[in-house]
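Undergrad: Residue-level listing of the chains:
10 protein chains.
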Amino acid sequence: MLKTGILNPHVLSLLARVRHTNTLVLADRGFPSWPGLETVDLSLVDGVPTVLQVLAAIRAQHVVTQAFMAEEFGRENDAATRRAFAAALRGVALTHEPHVDFKKRVPAAVGLIRTGDTVQYANMIVVSG
Amino acid sequence: MLKTGILNPHVLSLLARVRHTNTLVLADRGFPSWPGLETVDLSLVDGVPTVLQVLAAIRAQHVVTQAFMAEEFGRENDAATRRAFAAALRGVALTHEPHVDFKKRVPAAVGLIRTGDTVQYANMIVVSG
Amino acid sequence: MLKTGILNPHVLSLLARVRHTNTLVLADRGFPSWPGLETVDLSLVDGVPTVLQVLAAIRAQHVVTQAFMAEEFGRENDAATRRAFAAALRGVALTHEPHVDFKKRVPAAVGLIRTGDTVQYANMIVVSG
Amino acid sequence: MLKTGILNPHVLSLLARVRHTNTLVLADRGFPSWPGLETVDLSLVDGVPTVLQVLAAIRAQHVVTQAFMAEEFGRENDAATRRAFAAALRGVALTHEPHVDFKKRVPAAVGLIRTGDTVQYANMIVVSG
Amino acid sequence: MLKTGILNPHVLSLLARVRHTNTLVLADRGFPSWPGLETVDLSLVDGVPTVLQVLAAIRAQHVVTQAFMAEEFGRENDAATRRAFAAALRGVALTHEPHVDFKKRVPAAVGLIRTGDTVQYANMIVVSG
Amino acid sequence: MLKTGILNPHVLSLLARVRHTNTLVLADRGFPSWPGLETVDLSLVDGVPTVLQVLAAIRAQHVVTQAFMAEEFGRENDAATRRAFAAALRGVALTHEPHVDFKKRVPAAVGLIRTGDTVQYANMIVVSG
Amino acid sequence: MLKTGILNPHVLSLLARVRHTNTLVLADRGFPSWPGLETVDLSLVDGVPTVLQVLAAIRAQHVVTQAFMAEEFGRENDAATRRAFAAALRGVALTHEPHVDFKKRVPAAVGLIRTGDTVQYANMIVVSG
Amino acid sequence: MLKTGILNPHVLSLLARVRHTNTLVLADRGFPSWPGLETVDLSLVDGVPTVLQVLAAIRAQHVVTQAFMAEEFGRENDAATRRAFAAALRGVALTHEPHVDFKKRVPAAVGLIRTGDTVQYANMIVVSG
Amino acid sequence: MLKTGILNPHVLSLLARVRHTNTLVLADRGFPSWPGLETVDLSLVDGVPTVLQVLAAIRAQHVVTQAFMAEEFGRENDAATRRAFAAALRGVALTHEPHVDFKKRVPAAVGLIRTGDTVQYANMIVVSG
Amino acid sequence: MLKTGILNPHVLSLLARVRHTNTLVLADRGFPSWPGLETVDLSLVDGVPTVLQVLAAIRAQHVVTQAFMAEEFGRENDAATRRAFAAALRGVALTHEPHVDFKKRVPAAVGLIRTGDTVQYANMIVVSG
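Residue numbers (the numbering used here), protein chains in the order written: chain A, 57 to 185; chain B, 57 to 185; chain C, 57 to 185; chain D, 57 to 185; chain E, 57 to 185; chain F, 57 to 185; chain G, 57 to 185; chain H, 57 to 185; chain I, 57 to 185; chain J, 57 to 185.
Take the hints with a grain of salt, since some may be wrong.
[Claimed, not checked] Keeping only pairs whose Cα atoms sit at most 20 Å apart, straight-line, the calculated SDA-like set for lysine to any residue is: (1) K159/G x S69/G; (2) K59/J x V148/H; (3) K159/I x F124/I; (4) K159/E x Q176/G; (5) K59/B x R115/B; (6) K59/A x A116/A; (7) K59/F x Q176/G; (8) K59/J x V166/H; (9) K59/H x K59/J; (10) K160/C x A116/C; (11) K159/F x H118/F; (12) K159/D x G147/B; (13) K159/F x W90/F; (14) K59/B x T174/A; (15) K59/A x E132/I; (16) K159/J x T77/J; (17) K59/A x V156/I; (18) K159/A x A149/A; (19) K59/I x H66/A; (20) K59/D x G185/E; (21) K59/G x A149/F; (22) K160/G x Q176/G.
Simulated from the structure, these hints should not be mistaken for lab results.
Model, not experiment: these values are computed from the prediction.
Model the full structure from these sequences, guided by the hints.
TA: This is the structure:
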C-alpha cells in the first residue's frame, strides 16, 4: 500500500508518461470534453476536487516548469482566487493567453485530468520540466 | 452542461445500473482492489474525496434503503467520526458485521467507487431501494 | 436507484461529457447514421420516443443555451408541430439553416441520440451553455 | 430506410438471435441490472418507453408462445393495468410465479431490453415459439 | 422467433443504420474487399446467394429510391440477365456509370453485403429513400 | 481470387480449425442461438441458404466421417426430404438421437454455421475425420 | 478436416479477401514490417518457409494474373534462382521495378504474408485476377 | 534485424513465456484445435513446416528437459520416422502414453504451435527445463 | 516529470492497486508464467533487473508487512545471497514454505512483476500492510 | 526456457519486427512519451536499466548498422560517458544531429524501448541492417 502522495492508479500511470516537454491539461467542471484525448475524470460534484488540489498533488512528486492559463481567468475572478492560484504556481513560468488560443494547445497534451472545480477559467496546461 | 449534482460520466453510468436489490461498494484508501469488479477510482490523495462526500452525492439523487459496514468501524474511530457517519446514513437500515463477512458481499456488487478516505474501516456497501 | 430524471446509463454518461461549447445531435427516425460518432439509439418504433421527449429530459437537468434546426422544418410541418417545438425550445437561441448546412455540424458533436420521431426535419443540434 | 416496425439496430439484432426455446427479458425501470447479460437499455425517463410498447413491437414481427411474470404483479396493480397486460399477452401461455423464482430465469436469457416502465412488477420473460 | 423476412442479425442491424441518403453496397463474388468498411459476407459458394436475392429481401422491408451500377454490366451480360435486374429494380432510379467511377462511391457507404453472385458486374449501390 | 469452392473468409477460417474429432454445428432457421459459441450466420431469408448447401460445400473440401441429427427429423419430414438428406450424407456414419440429447453436444463444438433452412429439425452436427 | 491445399485459417481468410484488383505482399525474411497492414507471419527460421512455397500454395487455389518484384532481384541472384522464380510465375504478367517503387505499393495491399526466405529481394506483390 | 534463429515475433514471445515446468504443444496438421489456448499457426500446406523443424528451432535456443508423445506414434510409423524423432529428442526425457491421456495435458499448456506435419501422431508436448 | 522513485507507468498503476491484504508476486528469470494474471515484465537479460532492485523500489514508497519465499531458497544459495535478501526484507514478517505451496498463492495475487534475476528461488510474494 | 540473451517476450516480439531499414528508439528516463507508438517500458528507477544495457542486448542478437543521437549528447556529458557510448556503438555508422531533428525521426520508428537512464541525451535511434 502506498505510504503517501497520489493514490490513483490511472493518475499515476498518466503522470509517469508526462515527460520532458510533454503537457497535461487540468480541467474544471465545465471545460469541453475532448474525445480521443486520454482522460481521467476525478470529478464528483461541484468543487470536488479542485484544480489546485490536483496541482498540489502533482507538484509534490513531479517537476513542473511551465504553465498556461486563459487570460480571462484574471478578469473573472476576485483577488483571493487569483492569489491562491499564484501561490500554487510559485516557481512555474506562467503564460496567460486568450481562452481560444489556450484551447488550441489541448490536442497536443498527453492527457487531461478533469476536476469538479467551479472557479471560472480554472483550467491549466502544465508542462513537464 | 449539468446544472447540479454528480458530474462524473462513469459514476453516473454506474449508479444508473444500481437498481432494486443491487449493491454498490464505497471504498476507502486502503480497501483491497477487486480485479473483475467494475471500479471507478476517484481518489487523488489522502482524504480526497471521502466516503461521506460520495455517499452524500449518491443520496441526493438515489434511493438508498440499506447499508453494511464493518463492526470494527465503531471500535477504531472516535465519537465525532461515528456521529458523522450516523448522520450521513440517517434513514438507512445499517448493519454492522465483522470485516471478514463484509468483504464476502463485495463480489456480488454491481461496482465499487474508491475514495481517498483515511478513516479506519470507512468502507460501506449500500443497497438500492 | 435513481429518484427521478433520465434513467439511461449511456445517455447519462454522454450528457455528462457535453460541456461548455460542446454540441449534441438529437436525431429523428430517418436522419443519416454517422459511423464513428458516439450514438445512443433509443428508438423502438415510429414515434417512440420523440425528439421533444428527449429534449425535455435534457433541459430538466442540463443547461442548453443554443440550438440549430433545418429551415425545412418550418416549411414541412403544420402550425401545431411548429408551436410544440417553439415551446420546447423557449429560452434557447434557435438558428434555422438549410439542412445541408445543418448536417455539416454533425461530425463536431460529442454524440448523437437517435429517436423514433416521424416529424419531418425534427433533428436538432443543441449547444451546452 | 425501414418501412415499418422496430427501428433500433441493436434490438433487431438481439431479437434475431432469440429463437426456438430462447428467452428474452423485458425489464421495468427498477429491475436489477445483470452484468454479463446482453442488454439494450431503451429507457429515457419514467414511463418512456413501457414494457407493453416493447411487447407490442416484438409480437408484430416475432412468434411469442410463452411468458413468465411475477405473481406479485397481480397483487400490486389495479384492474385496468392487469387488463392491459392480459390483452397484450392474448394467445401467449402465461405463467405467474414468485418474483424470486422469476429472477432465477434471467441468467439463461439471450438478452434483456430495459424500459422506463413504472408499473410494479411489469417485468416479463418471453419465450420464442 | 422472426415470423418472416430477413433472418440475419448482422444484416438487420446494418440495414437499420442505412437511412436517408445513406448508401449500401451489394457486392458480387469478385468485388474488391474494402478493409475498414463494415462488411457482412453472406457468400457460401458460386451463386449462393445472389445480389438479386439480397436486393429482394431488402426491398420487401426497406425504401430504396436510387441505385448505381457499372455500365459494363449491360455490355457483359445477356438480355435475360439484364431483364432480371431491371425487374428487380423497378421503381428505383438507376444510374449506370463506368466501373471506375462506381468504385469511388464505395468508401462513403454505411456498409457492404457480399454475395456469391457470378454475374459479371452484378455489384450495386443502393440509396435509402 | 479463389478459383472455386467456399468463398467466405470466416467460413474458411472456421472450417480450417475443425480437425480430428472436432465438431461443427449446421443450424437451421430456428435453432437456438448459443452465445459464446463462434457463429457464422449465413442466413438471408427463409431457405437461403439451406443446410444441405452448406454440407455439400463442406464435403467437397473437408473430410466428414460422422454426423448427428435429431430423431425427430425422420418423423417430421416427408420421404423426399429424408432421401435428400440421406443422399447428402452418403458415406458418413449418421446417428439419430432425441433432440434434447442432440443439443447437449452443441457447447463442445468448435463453431456453428447458421442457415435459413426451413426443413424441420434440419440441424446437424458433423465430425471431422 | 481439410482434404488438401492451404491449411492455415488466417491465410485462408486473408486470401478469400483478395479479390479483383486487390493485391497481396509475399515478404522475405528481412522485408520491413508494416504496422497497420494485416500480416500473417509464417516464418520459423531461415528458409522456412520460402516465398515460392507460399506462391505455389496460392496459385493452386487462386487466380493470380499479375506480379511485381524489385529489379534488384535479377542483379543479386544467380541464374538458378532466377529460373526458379520465373517457373513459379509462368503465366503471370511480371513487372520489375526499383525496390523503392515496389515498396510504395505495399500500403495499398489487403495483407502481407511473411516467410523466412533468405533469397535477396525475394519479395513479391501479387494481383488477384 | 535478427542475426539467426527463430524469426517469428509471436513464436518468440510465446517461447519466452514458457518457463520452469511450463509446457508447450507442438501440433501436427490434424490435431484438434483448442479454442482458448494461445495458438501460433505456422502451417502452410502438407508438410510445411514439420514438428521436427519447430522442435529443432526451439532446442537451439531453449532448454527442453522432458517431452510427451502418444504411444500410437510408435505403432503407426516406420523405423525411419521413429529414428528421426528419437534423434531430434536426444537428451530429453520422453514419455509415451495413450493419445487420450496425452490430450488431457493440452489445456494446461502455455500455448500451441501448429504445423503442417503429416506424420501420424507427430504431436508433442515439451516441458521447459 | 517524476522527481524520484519508480518511473514505470504500469508498475505504478499495479502497485497502487495492491492494498490491505492484497499480494504481489516478484518473479525471477525462470518462474512459470501465469496466463490471466496481470504481469509487468521488466526483464531484459540475465540479472537485469533483480528481485531485490524491485523490492527496494517498492519498499521506498509502499508498506510491505509480510512476505513469502520458497524454503528451497535457503538451501540453494550461499550465505552472501541469503544475507542480502535478509537485509532487503528487514522489518517484514517472512515465511518460508515449500516451493509447491508457495506457487499455490500466485493465482490470488493482484499481479506479478517479472525480473531477470538468476538467483535460485529468488521469487517472493509480498503482502501490502 | 531461454538459454541466454534477451528474456522479455514483448522486447523479443518488437525486435523481430525491426527489419531492413526499420528503426527503433531507445529512450532515457525523461524522453517524451509518444502515444500511438508501440512502447516497451523497462524502466524501474533511475539508472535501471540503462540505454547501453539495452543496446548491448540488442547488438548480441541483431544487426545494427546505423544510429542517430542528439548532438547535445556530446556537449552535456563528460569524456567517460562519451567513451562508453562510442565503445557500445563501435561498427555502427553514427550520426549526431540537433535534438529537435532527432525527435522528428521518432514517429517513423517501429517501436520504442524506454529505460531509466539518467545520462543527458542518452536517447538513440538504431537502424536495422
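Undergrad: Now tell me if each hint is right for this structure.
TA: Hints and how they fare:
Between K159/G and S69/G, the direct Cα distance comes to roughly 24 Å. Violation of the 20 Å bound is thereby established for this hinted pair. Simply put, K59/J and V148/H have alpha-carbon atoms about 15 Å apart, close enough for the 20 Å limit, and the pair holds. Between K159/I and F124/I, the direct Cα distance comes to roughly 10 Å. Compliance with the 20 Å bound is thereby established for this hinted pair. Under the criterion of a C-alpha separation no larger than 20 Å, the hint pairing K159/E with Q176/G is inconsistent with the structure, at around 37 Å.
Among the hinted pairs, K59/B with R115/B is consistent with the structure: their alpha-carbon atoms are about 17 Å apart, no more than 20 Å. Restraint check for K59/A and A116/A: satisfied, since their Cα atoms lie roughly 14 Å apart, inside the 20 Å limit. Taking the CA atoms of K59/F and Q176/G, the gap is near 31 Å; set against the 20 Å cutoff, the hint is violated. Under the criterion of a C-alpha separation no larger than 20 Å, the hint pairing K59/J with V166/H is consistent with the structure, at around 18 Å.
Of the supplied pair hints, the one linking K59/H and K59/J holds, its CA atoms being roughly 17 Å apart against a limit of 20 Å. Taken as a hint, the K160/C and A116/C pair is broken in the structure, with Cα atoms around 28 Å apart against an allowance of 20 Å. A threshold of 20 Å between alpha carbons decides the hint, and for K159/F with H118/F the separation of about 23 Å lies outside it, so the pair is violated. Pair hint K159/D plus G147/B does not hold up; C-alpha atoms about 28 Å apart against a cutoff of 20 Å.
With a C-alpha separation of about 10 Å, the suggested pair K159/F and W90/F falls inside the 20 Å cut-off, and the hint holds. Restraint check: the Cα-Cα separation between K59/B and T174/A comes to about 12 Å, which is no more than 20 Å; the hinted pair holds. At most 20 Å may separate the alpha-carbon atoms for a hinted pair to count; K59/A and E132/I exceed this at roughly 34 Å. Note on K159/J and T77/J: the hinted pairing holds, with a Cα-Cα distance of about 18 Å set against a maximum of 20 Å.
The suggested pairing of K59/A with V156/I is violated, with an alpha-carbon distance near 32 Å, which exceeds 20 Å. Restraint check for K159/A and A149/A: the C-alpha separation of about 19 Å stays at or below 20 Å, so the hint holds. Using a Cα cut-off of 20 Å, the hinted pair K59/I and H66/A holds, with the two alpha carbons roughly 18 Å apart. With a C-alpha separation of about 10 Å, the suggested pairing of K59/D with G185/E holds against the 20 Å cut-off.
Distance restraint check for K59/G and A149/F: the Cα-Cα separation of roughly 18 Å lies within the 20 Å cut-off, and the hinted pair is therefore satisfied. Only pairs whose Cα atoms come within 20 Å are accepted, and K160/G paired with Q176/G is accepted, the gap being roughly 19 Å.
Going down the numbered hints, you'll see the structure goes against 1, 4, 7, 10, 11, 12, 15 and 17, while the others check out.
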